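*Asks:* Numbering (numbering that gives the first Met the number 0), first residue to last: 0 to 217.
Incorrect hints may appear among the rest.
Unchecked claim - Here are the simulated DSS-like pairs of lysine-lysine, each with C-alpha atoms no more than 25 Å apart in a straight line:
id, residue 1, residue 2
1, Lys-180, Lys-165
2, Lys-180, Lys-89
3, Lys-111, Lys-165
4, Lys-165, Lys-78
5, Lys-89, Lys-165
6, Lys-180, Lys-147
In case anyone wonders, no lab produced these hints; they're calculated from the structure. All figures in this text were calculated on a predicted structure; none of them were measured in a lab.
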Amino acid sequence: MKTGIGTYSWIRMNGVLMILFILSFLLPISIFVNWDSVSAWFQSSDTDDRRFSEAFLVPGKGVHFALEDSNLLNPEEGKGFFMAVWFKIKELPLPGEEIQLVAKYDLYHVSKSGYSLALRRDGDVIYPRVYWRGRNAAGGWYQFSELKDILHAGWVLLAVSVYDGKLGLHTAYLNSGKDPKPLLLGGHEIGSDQLASSGVRLRVGAVAAPYFHGKIGA
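Using the sequences and the hints given, assemble the complete structure.
*Replies:* Shown next as structure tokens:
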């Protein structure tokens, strides 16, 4: 497999370590190509929380940190894009509210281009949503299948992939040492001309969100 950009960004703030994984690639990749080795790590003797012992704590609304803009954080023309985030939620948002876990788009630019990963509560159901909007002002918010019982699910993985005009989202749950199984939450045809890059910082946490309490890691 030939890759374009693969980067782990390690950010230390007040002793807290955050790991964000973003990858641009030229050829199709399997999101869970090394899932057997990952599963072995999940089933180690460590408790679930110890595996993410230095995750960024989000105690309430508006709490987030930001990474300065970089080419490593922007999709590249002619390449695919992949982003993975782990989170553990302790309290659900109120009905109708939305949590933006990751956001990198410019609301003040005419195109509003960029991307975001969010959770929205509709009644008693939590839907993951991805914002993907190109510099040509095409695109917007895309909703996927519900996340079930995430309040008691332990750590939850959301993995966003974009390739050849298709936007997909996978999930997996890490709970009490059980072997997590990847699950496809759906996909959308978005077209190959939506380059969702922007010049703003990438924000992680409860970004412009009305309510969130928990931890988030990537």
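*Asks:* Decide, hint by hint, whether the structure agrees.
*Replies:* Status of each hint after checking the structure:
no., hint, in the structure
1, Lys-180 with Lys-165, "holds (22 Å)"
2, Lys-180 with Lys-89, "holds (22 Å)"
3, Lys-111 with Lys-165, "holds (20 Å)"
4, Lys-165 with Lys-78, "holds (12 Å)"
5, Lys-89 with Lys-165, "violated (32 Å)"
6, Lys-180 with Lys-147, "holds (14 Å)"
Taken one by one, the earlier hints fail for this structure only at number 5.
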